[in-house]
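Asks: Sequence:
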Amino acid sequence: MMKTYSNLMLFAITGVLIFSSCGTKSNEEKTIADHETLIVSTHGKVMNINLEQNKIQWQYQSKYNPEGNRNLFSLSDDLLVQPFESGELIAFNLNTGKILW
22 MMKTYSNLML FAITGVLIFS SCGTKSNEEK TIADHETLIV STHGKVMNIN LEQNKIQWQY
82 QSKYNPEGNR NLFSLSDDLL VQPFESGELI AFNLNTGKIL W
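If you read the sequence shown in my numbering, its first letter stands for residue 22, the second for the next number, and so on.
Fair warning: there could be bad hints in the mix.
Claimed, not checked - Below, computed lysine to aspartate or glutamate pairings styled on DMTMM-like, alpha-carbon distance capped at 25 Å:
no., residue 1, residue 2
1, K76, D99
2, K66, D99
3, K119, E73
4, K119, E106
5, K66, D98
6, K119, E109
7, K119, D99
8, K66, E106
9, K119, D98
10, K66, E109
11, K76, D98
Stated by the list, open to error - With beta-carbon atoms standing in for the labels, derived distance ranges:
no., residue 1, residue 2, range
12, E73, L100, 34 to 42 Å
13, G108, K76, 30 to 38 Å
14, N75, S107, 28 to 36 Å
15, W122, Q82, 17 to 25 Å
No lab work stands behind these hints: they were computed from the structure. This structure is a prediction, so every number in the text was calculated from the model and none was measured. Where is the CB? At the ideal position from N, CA and C, for every residue including glycine.
Can you build the whole structure from these sequences, using the hints too?
Replies: What follows is the structure in structure tokens.
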């Protein structure tokens, strides 16, 4: 099942924890996809941070204005789908960052 997140806080049965901050200049959404992965989507960039190793696993910067990210993404198992203001709709492998479509 695909879950879409935007400006919400959610404590799910699966242990997924979602944070979103509100503001005009900085609107960031952070998601812990499992116990060791943190997804950050902000300013036209999406990145996967390994919490156990404290390092960025992969990141992607939109080709459009970095201020254009709407902070909306969907997670389903190992799939992360992120739309950008430029019209890009990109599906990433959550673990590797490989663009699937």
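Asks: Given the hint that K119 pairs with E73, test it: the Cα-Cα distance must not exceed 25 Å.
Replies: holds, 21 Å
Asks: For the pair we were handed, K119 and D99, check the Cα-Cα distance against 25 Å.
Replies: holds, 11 Å
Asks: Is the Cα-Cα distance between K76 and D99 25 Å or less?
Replies: holds, 19 Å
Asks: Looking only at beta-carbon atoms, does the pair G108, K76 fall within the given range of 30 to 38 Å?
Replies: holds, 31 Å
Asks: Taking 25 Å as the top limit, are the C-alpha atoms of K76 and D98 close enough?
Replies: Judged against 25 Å, a Cα distance of about 21 Å means the pair holds.
Asks: Could you tell me whether the CB distance from E73 to L100 stays inside 34 to 42 Å?
Replies: violated, 22 Å
Asks: Is it true that the CA of K119 sits at most 25 Å from the CA of D98?
Replies: Given that 25 Å is the threshold and the Cα spacing comes to 15 Å, the pair holds.
Asks: Holds or violated: K66 with E109, Cα cutoff 25 Å?
Replies: Holds, at about 12 Å.
Asks: Is K66 close enough to D99, meaning Cα to Cα at most 25 Å?
Replies: holds, 18 Å
Asks: Can you confirm whether the C-alpha distance between K119 and E106 stays at or below 25 Å?
Replies: Holds, at about 20 Å.
Asks: Taking 28 to 36 Å as the hint, is the beta-carbon distance of N75 and S107 inside that range?
Replies: Hint holds: Cβ distance 31 Å, inside 28 to 36 Å.
Asks: Do the alpha carbons of K119 and E109 lie within 25 Å of each other, as the hint requires?
Replies: Roughly 15 Å separates the two Cα atoms, so the pair holds.
In the structure shown, a violation is registered for the earlier hint numbered 12 alone.
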